[in-house]
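S.K.: Sequence:
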Amino acid sequence: MSQAYREPRLTAGTPCQPIVVIPARLASVRLPDKPLADIHGEPMIVHVWRRAVEAAVGPVLVACGDAPIADAVRKAGGDAVLTRPDHLSGSDRIFEALQTVDAAGRHDAVVNLQGDLPTVDPLAIRACLAPLDEPTVDIGTIATLVASEEERRNPNMVKAAVAFPLTTPGRPPVGRALYFSRLPVPSGDGPHYHHVGIYAFRRDALARFIALPPGALERRERLEQLRALEAGMRIDVALVDSAPFGVDTPADLARARTILTPTK
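Residues in the sequence shown are numbered from 1191 upward in steps of one, following the working numbering.
It is worth saying that the hints were derived from the structure and are not from the lab.
Errors might be hidden in some of the hints.
Claimed, not checked - Here are the in silico distance ranges between beta carbons for each label pair:
1. 1243 to 1343: 35 to 45 Å
2. 1450 to 1246: 13 to 23 Å
3. 1339 to 1243: 35 to 45 Å
4. 1274 to 1298: 18 to 28 Å
5. 1424 to 1377: 18 to 28 Å
6. 1378 to 1345: 14 to 24 Å
Note that the structure is a prediction, hence the values are computed from the model and not measured.
Each residue gets a CB set at the ideal place from its N, CA and C atoms; glycine is no exception.
Build the full structure now, drawing on both the sequences and the hints.
M.R.: The following block contains the structure:
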C-alpha cells in the first residue's frame, strides 16, 4: 500500500484537528456480539481501535451503542462514549458521539472507521484524509483496484466510478467520485475500483449529511454515500494498494484470526 499512498500536503483546505470515531453496536444477525468477538485474547473492536491509534491522525474515540463495548475499549486503555442504541447508521452514531465530546467544534474533520475492520492498514485510515487537501471536497474516502472478474461481478463489492488524473508529486492518486454502484461501472474497457467504506468528513459536511433524508438512488443501490452525491456534496477518492475486509460471518472471523496470528 505504501507505493500508492503519500503524506497529504498541507493546503488551506487541509483539516488541522481530525478525530477518528469508530461506531460499534452489538446487534448483528450473521455474527452476534461482533465487536466483542475474540481475536487472540482481545475483542475485535480493540484491534480496530489499536490500528486507528497507529494511524496517528488524531485522537480515537469509539462510539458505542452498548455498554459492554465501551467497557472493553476502556479496559484496553481507549476512549469510548455511549450513544443511543437505535441509530440507523454509523454516521448518525459518530455525529452524536462527536457532539458529546466536542460540542465546541475543535475537531474540523472526523474519520468514520467501521468497527469490523480488524485488519485495516493504518495507512488506509490516513489516506482517506488526503482528498480533503482540496477545499471544495466535502468527504474523502479510498478505493483499490478490483483484482478479478469474480470481484468485479460481486454485488457485495461496491464499485466507485472515478477518473483518476495523473498523480501530483507528494500526493496519492486522487479523483472525484461520480457514482458508486454494486454493478461493475463504468462499462467498457479499463480498470474498476473497489470502494472501501472508510470516510473522512469535514465537520460541517457531516452535520449536513446526517440531516439529509435518504435519497432515491441510495434506496435502490442500498449505498448511503449516494445520498451525499444526490445532494450535490463532493466526494473524492484516494487510490490505495489494498483493502481491508469486513468481518461479517464466522468464516470472516476465522480469516481475521489467521491474518492476525502473532508472530513468534
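S.K.: Evaluate each hint against the coordinates.
M.R.: Outcome of the hint check:
At roughly 37 Å, the beta carbons of residue 1243 and residue 1343 sit within the given window of 35 to 45 Å. Checked against the hint of 13 to 23 Å, the C-beta distance between residue 1450 and residue 1246 comes to roughly 20 Å, which is consistent with it. Evaluation of the 35 to 45 Å hint for residue 1339 and residue 1243 yields a pass: the beta carbon distance comes to about 37 Å. Distance hint for residue 1274 and residue 1298: a CB-CB separation of about 25 Å, consistent with the stated range 18 to 28 Å.
Distance hint check for residue 1424 and residue 1377: the Cβ-Cβ separation is about 24 Å, which falls inside the suggested range of 18 to 28 Å. Between residue 1378 and residue 1345 the C-beta distance comes to about 20 Å, which sits within the given range of 14 to 24 Å.
The structure is consistent with each of the numbered hints, conforming to all of them.
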